[in-house]
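Asks: Take these sequences, add in the hints, and give me the full structure.
Chains as they are written, first to last, in the numbering used here: chain A, 71 to 533; chain B, 71 to 533.
If you're looking for bench data, these hints aren't it; they were derived computationally from the structure.
Worth double-checking, as some hints may not be accurate.
Just so you know, same-sequence chains aren't split out, so a pair can sit in one copy or run between any two.
Here are the simulated lysine-lysine pairs, BS3-like style, with alpha carbons at most 27 angstroms apart [what the hints assert, rightly or not]:
hint	residue 1	residue 2
1	K267	K231
2	K494	K355
3	K267	K234
4	K309	K495
5	K383	K231
6	K355	K294
7	K294	K144
8	K294	K148
9	K144	K306
10	K351	K294
2 protein chains.
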Amino acid sequence: MSLELEEISLQERFMEAVASEDKLQIMDFLNNQNISDVAELIYDNEDYETQIISHLSMHRAASVFKILELPVQKRIIKHLPAFTTAELLNELPADDRTSFLSELPSNAVRELVKTLNPEERKITLSLLGYPEGSVGRLMTPDYIYVYEHDTVEDVLNTIRKFAKNSETIDVIYVINQKGELLDDIRIRDFIMAPPEKTVTELMDGRFIALHAGDDQEVANEAFKMNNRVALPVVSKSNKLLGIVTIDDVLWVANEEFSEDIQKIGGTEALDEPYLDISLMKLFKKRVGWLIVLFLGEMLTATAMKYFEGEIQKFVVLVLFIPLIISSGGNTGSQASTLIIQAMAVGEITVANWWRVIRREFIQGVMLGTVLGLIGFIRVIVWAGISPGVYGAHEVRVAFTVGFALLGVVLWGTLSGSMLPILIKKLGGDPAVSSAPFVATLVDVTGLIIYFSVAYLFLQGILL
Amino acid sequence: MSLELEEISLQERFMEAVASEDKLQIMDFLNNQNISDVAELIYDNEDYETQIISHLSMHRAASVFKILELPVQKRIIKHLPAFTTAELLNELPADDRTSFLSELPSNAVRELVKTLNPEERKITLSLLGYPEGSVGRLMTPDYIYVYEHDTVEDVLNTIRKFAKNSETIDVIYVINQKGELLDDIRIRDFIMAPPEKTVTELMDGRFIALHAGDDQEVANEAFKMNNRVALPVVSKSNKLLGIVTIDDVLWVANEEFSEDIQKIGGTEALDEPYLDISLMKLFKKRVGWLIVLFLGEMLTATAMKYFEGEIQKFVVLVLFIPLIISSGGNTGSQASTLIIQAMAVGEITVANWWRVIRREFIQGVMLGTVLGLIGFIRVIVWAGISPGVYGAHEVRVAFTVGFALLGVVLWGTLSGSMLPILIKKLGGDPAVSSAPFVATLVDVTGLIIYFSVAYLFLQGILL
Chain A
71 MSLELEEISL
81 QERFMEAVAS
91 EDKLQIMDFL
101 NNQNISDVAE
111 LIYDNEDYET
121 QIISHLSMHR
131 AASVFKILEL
141 PVQKRIIKHL
151 PAFTTAELLN
161 ELPADDRTSF
171 LSELPSNAVR
181 ELVKTLNPEE
191 RKITLSLLGY
201 PEGSVGRLMT
211 PDYIYVYEHD
221 TVEDVLNTIR
231 KFAKNSETID
241 VIYVINQKGE
251 LLDDIRIRDF
261 IMAPPEKTVT
271 ELMDGRFIAL
281 HAGDDQEVAN
291 EAFKMNNRVA
301 LPVVSKSNKL
311 LGIVTIDDVL
321 WVANEEFSED
331 IQKIGGTEAL
341 DEPYLDISLM
351 KLFKKRVGWL
361 IVLFLGEMLT
371 ATAMKYFEGE
381 IQKFVVLVLF
391 IPLIISSGGN
401 TGSQASTLII
411 QAMAVGEITV
421 ANWWRVIRRE
431 FIQGVMLGTV
441 LGLIGFIRVI
451 VWAGISPGVY
461 GAHEVRVAFT
471 VGFALLGVVL
481 WGTLSGSMLP
491 ILIKKLGGDP
501 AVSSAPFVAT
511 LVDVTGLIIY
521 FSVAYLFLQG
531 ILL
Chain B
71 MSLELEEISL
81 QERFMEAVAS
91 EDKLQIMDFL
101 NNQNISDVAE
111 LIYDNEDYET
121 QIISHLSMHR
131 AASVFKILEL
141 PVQKRIIKHL
151 PAFTTAELLN
161 ELPADDRTSF
171 LSELPSNAVR
181 ELVKTLNPEE
191 RKITLSLLGY
201 PEGSVGRLMT
211 PDYIYVYEHD
221 TVEDVLNTIR
231 KFAKNSETID
241 VIYVINQKGE
251 LLDDIRIRDF
261 IMAPPEKTVT
271 ELMDGRFIAL
281 HAGDDQEVAN
291 EAFKMNNRVA
301 LPVVSKSNKL
311 LGIVTIDDVL
321 WVANEEFSED
331 IQKIGGTEAL
341 DEPYLDISLM
351 KLFKKRVGWL
361 IVLFLGEMLT
371 ATAMKYFEGE
381 IQKFVVLVLF
391 IPLIISSGGN
401 TGSQASTLII
411 QAMAVGEITV
421 ANWWRVIRRE
431 FIQGVMLGTV
441 LGLIGFIRVI
451 VWAGISPGVY
461 GAHEVRVAFT
471 VGFALLGVVL
481 WGTLSGSMLP
491 ILIKKLGGDP
501 AVSSAPFVAT
511 LVDVTGLIIY
521 FSVAYLFLQG
531 ILL
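Replies: Given below as structure tokens:
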């Protein structure tokens, strides 16, 4: 059962089947593998990817297709015969179809939606109507519903009839004639109940429902807190629209966090595995932000030019420039990352900005005092060890460094923590207030703070 | 069904029930709420948290307890009477108990394990024996198993008998007399099969099993790829040890990613929501890394001191120090974050280091050329607009800035991408090679690169 061993022999057995050139043998081989193993074969044999999909039974082809990376999905759709594409799209569960289509350009979507049969087309267009990142986009209409007055036997018959086509049968939904959700009941309760009992007798009215317009983060939280494998999605008037299954939420959580981390690092979301993405694409995703940051950082040269007089007179100030601006940058990155993460998991909303600012003010003063003190002591001690190393005014230099650090660190925590909230408030993604972005912002202002403090402490000497 | 509305009235109804001082009424009220709502009440009423837990039926108390934040769990365990604590711990599912106990100091674990009944104690000690972060720690032994020769009717009877105590009945496991796993079969297949059919006839031998020693990341990936709500865990000899359910993996994924993001930002993992953690704790989690980075960054002052002669003679060099070191820092943070993320989701392993280094070398040259060119043009253009702004040697300065940028950016991408891999190789957590950490490393070396390039281009003038 070792994964390594299996992988090798799987590939070998695949090559054997391919070598036989016997269509039936290839189909038989592929249809007897786990879908994750077939996906593995597709990744390892790019030349055969379209053939592998077309040699699977349509149901299994759909199961494999939905777990592939987007670029591979696109290539396969491009190479499959139009008829097979239509069959495949019709077979895909509605939620996976929506998520695939929403990644394509709109003219491609239009063409592909045309190939769907009328019922699936209606479902797909309605799901695509929900905003990106909403629970509606994750919904599937393939669930089992029953009515209150049904008996347990009726329910088990319904399950037998519809189980093949529904995403999960772990939970059964009770609705009334108006289609309103009354309860969700686990299948285990039906299996354990005598057949003549009615659904009403099994109901406890304790159910958790999501709304189609809810953020997907809400679904994540609801699944974490409620020990369910599927949750119902209702309209504002409590009509049951569909269900969301926990595996889709796990996919979303993985993708969301990966994108957040990439953005925090100052890259656009890659959307492809690092080792698979082409060097040119990778370059394009990285260079954009770097240029923006570079242009911003150019202001440091302008700011320094402005203080050139002070620098000329007092070169010792230069020695501490990197130390001071990067301390501001580090505290700023730290604060912004903490806030981005807390916002990503829903611990902080824009409404909390005042609480955050108060907390970060205190943090900034505490952190700034610690770093300022260390900086102050550093200058005094060095000057004690090698007298004259910082010129004749080492105490003033020490005070300048210490207070500049306090100011820069405080400014770093405040701007680092407020920036993600501000971006969110303006409708953007807080994760773009990345660590490098905050660091750059704080670098420029940090220089101004430093030279202003220096001006204050060294006034008598400079003037 | 609006969440907002419900929350308000829930709290009000809770206060009403409390005001009645009628134990039965309080119990009745609490036992009729969703477990996530009870958790909400506990968070909103810290003074009552222990009472809320002790007014629930033991089964529901355990369901609520397991979704609470760790600090709240600790407080409740501290305040509950010893007898109730024992009952609660015995009632907790084995996987949740393990994850709670593994967060406590070892003497507390010893005391609490003593309160377990012999069977639960054996299970707990065995689960605690698996390494942290392994699949073994997430396992629960509460699953339903059947034998190959059982009939569908036997299986349904087994399900009726054991369903109450198992985490999920969506999947049933087939084992032989030696306890080896033969297959997993979804409950839907049993419900749809005629009662006299045997398990053997339903088996397809296609099952995915995890190993107890596997990293939890493997479980995450397996769930994403295999459309299952539970996966079996086997020993090296294929004995069925337990199962892992998808909801536990969702918890782990959420926590892991949050911790990774916090570490990338240069903070220790908070383990508590941002707004709940005390200011002092938050300060402690942040100040440690900041001091380390600050001490590292002090080397910039030392490096600058070393080049003081050059600086004195050529103050214009100073103007570009922040621009150059922060460009290195930004590309370094970007590279390290990309690699950390790719390692976190298993796209890159230590074995890929050579491929990564080749890719990053090319990226570094491309990014460095772009930024270097922009820097070069910046100096030439400025010097054209206001002649003399950079002294008499603006072309040499422009070349210095351009080539220093190329060197620093290349060094940033290479060290930023290799550091997480190196840390992983040494057995550490790659996420600690945080953006600020890489930025600091690149700052110091960036200065040395800059002044070395300057020395090369300005040699004739400096000497």
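Asks: Indicate, hint by hint, whether the structure satisfies it.
Replies: Against the structure, the hints:
1. Both within a single protomer and between protomers do K267 and K231 lie at most 27 angstroms apart by alpha-carbon distance, with minima of 20 angstroms and 18 angstroms respectively.
2. Taking CA atoms no more than 27 angstroms apart as the test, K494 paired with K355 passes in both settings, with 22 angstroms inside one copy and 26 angstroms between copies.
3. In this assembly of identical chains, K267 and K234 lie within 27 angstroms of each other by CA distance both inside one copy and across copies; the values are 25 angstroms within and 19 angstroms between.
4. For the homomeric pair K309 and K495, neither the shortest alpha-carbon distance inside one copy (31 angstroms) nor that between copies (54 angstroms) is at most 27 angstroms.
5. With identical chains, the CA atoms of K383 and K231 are never at most 27 angstroms apart, being 88 angstroms at best within one copy and 88 angstroms at best between copies.
6. When the C-alpha separation of K355 and K294 is checked against a cutoff of 27 angstroms, the pair qualifies only between copies, where the shortest distance is 26 angstroms, while the shortest distance within a copy is 33 angstroms.
7. Taking the shortest Cα distances, K294 and K144 sit within 27 angstroms of each other only across copies (20 angstroms), while inside one copy they are farther apart (33 angstroms).
8. Proximity of K294 to K148 under the C-alpha cut-off of 27 angstroms is restricted to the inter-copy arrangement: shortest distance 25 angstroms between copies versus 38 angstroms within a copy.
9. Taking the shortest Cα distances, K144 and K306 never come within 27 angstroms of each other, neither inside one copy (36 angstroms) nor across copies (39 angstroms).
10. Taking the shortest alpha-carbon separations for K351 and K294, only the inter-copy value of 26 angstroms comes in at or below 27 angstroms, while the best intra-copy value is 36 angstroms.
Going down the numbered hints, you'll see the structure goes against 4, 5, 9, while the others check out.
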